[in-house]
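Can you make the complete structure from the sequences, with help from the hints?
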Amino acid sequence: MIEILSAKESVKQITDGSTVMVGGFLATGTPETLVDALQEQGTGKLTLVANDTSFPEKGIGKLIVSNQFEKVIVSHIGTNKYTGEKMNNGELEVDLVPQGTLAEQVRAAGAGLGGILTPTGIGTVAEEGKQKLTVDEKEYILAEPIEGDVALIKAEKADKNGNLVYRLSARNFNPLMAKAAKVVIAEVGEIVEPGELDPDEVITPGVYVDYLVRREEG
Amino acid sequence: MDKKEKRNLIAKRIAQEIQPGEVVNLGIGMPTLVANFIEDGENILIQSENGVLGVGPAPEEGQEDPDLTNAGGQPVTIIPGGVGFDSAESFSIIRGGHLDSTVLGALEVDQEGNLANWMIPGKLVPGMGGAMDLVVGAKKVIIATEHVNKNGAPKILKKCTLPLTAEKEVDMIVTELCVIEITEEGAVLREVAEQSSIEEVQDKTEADLIIPDNVGVLK
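Protein sequences appear in the order of chains C and U.
The first sequence maps to residues 11 to 228 in our numbering.
The second sequence maps to residues 773 to 991 in our numbering.
Keep in mind that a hint or two might mislead.
Unchecked claim - In silico DSS-like pairs for lysine-lysine, Cα to Cα no more than 30 Å straight-line:
no., chain 1, residue 1, chain 2, residue 2
1, C, 148, U, 940
2, U, 895, C, 81
3, U, 895, U, 775
4, C, 148, U, 912
5, U, 930, C, 140
Claimed, not checked - Which stretches of chain C does chain U cover? Using the computed rule of at least three CB atoms under 8 Å from a CB of chain U, they are:
no., region
6, 34-40
7, 85-99
8, 134-145
What the hints assert, rightly or not - A short, non-exhaustive set of chain U residues, derived as facing chain C with CB atoms under 10 Å:
no., residue
9, 813
10, 816
11, 817
12, 821
13, 857
14, 894
15, 898
16, 900
17, 901
18, 902
19, 906
20, 907
21, 909
Just so you know, these hints were derived from the structure itself, not from any lab.
All C-beta atoms, glycine included, are put in the ideal place defined by N, C-alpha and C.
Next up, the structure:
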């Protein structure tokens with residue numbers, strides 16, 4: 011059963027120490043209403059799984075500034091100087107993962123897989139501490155699944171069954187994270203009645219989604 | 773040549789490498805300029821790893837769509853027939869061998885085709901983003917870089933010293949001075965810019981260069 015909640019109510023699912031997945035790519039496709047609610051709630055010691063740490067004033071980058079993360083698992087931190095600063099002075103643990111590997115690790119968790127084998131990172135520091143396997147004489151890194159406690163995702167539209175559709179490059183990590191967390195909260199621009207979405211247009215079936223939150227424009 | 777002229781020369785030369793009908797991913801910065809020199813009607817599809825195939829030119833002011841950006845976060849447009857998809861799909865295209873070429877910048881690149889472009893330990897750690905996947909996955913890896921760094925030191929080395937992005941994946945290096953192809957035998961000097969000379973290129977390159985009899989003109 012899908013519940014429609016306020017942003018404030020929904021982020022109560024996140025408690026100190028939670029692993030939070032947040033959709034978006036440099037803030038495009040990031041659920042800003044949910045991010046703002048989480049900032050207001052002030053929950054700390056979180057682990058972030060996201061593509062990047064965005065910009066200090068936009069997207070998930072705002073929560074880097076408000077010191078809510080203990081660790082981030084991301085592919086890029088170069089657009090938010092505070093991430094690098096906090097990493098260098100030991101306040102924040104940063105695990106940098108190649109973007110395609112991160113996407114597959116999240117997908118693997120959602121698909122019930124024990125990991126994936128990728129050639130990306132062979133011969134680089136990305137293979138350090140990782141198990142390697144050889145298949146057909148080619149070397150691969152075993153990348154383990156990454157699961158979240160809560161995923162905050164952004165979609166364009168939902169129906170009341172939680173079926174989701176996305177728009178353009180705002181899709182990015184959102185459909186992957188919608189499958190990979192125990193609790194999935196989707197921020198949407200519009201909620202319609204079941205039957206109003208074309209079944210073939212739905213990208214994320216509602217079975218993955220727990221809560222819907224209406225986006226606040228601002 | 774000022775910085776802008778150098779960058780345009782490099783981008784224009786790389787655009788000649790992109791064949792009609794190809795699928796290409798252009799990195800952030802100088803590689804993005806390559807799009808300006810791709811002829812209309814060549815049916816070239818630009819892929820952006822944040823999840824777009826068929827990236828079009830930058831929108832006119834006021835026409836930006838917040839849901840349509842490139843991998844650098846800048847507003848773009850989408851061409852008719854372009855598609856949007858998720859990040860796993862995007863890297864299936866990249867890693868799965870469906871990308872003809874990728875154009876990326878470099879901090880260092882060497883004669884064996886090794887590339888370092890994602891971190892300087894202790895100084896600059898932006899992260900690899902999609903670069904490691906792009907370099908491993910694309911059929912052809914083209915490096916767009918100024919020939920020397922801002923201190924005048926060579927960027928094209930015998931062996932990279934910075935942490936690698938990938939091992940032995942680079943196919944071609946284009947600078948404002950020359951075009952170098954990385955082959956089984958080593959780094960071959962293919963073209964030298966009109967205003968430059970083989971001597972100047974060798975002087976500003978640490979890598980051992982193979983100089984064939986017929987070195988072309990970079991233009």
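> Checking against the hints above, which ones are violated?
Replying inline: 9, 10 and 11
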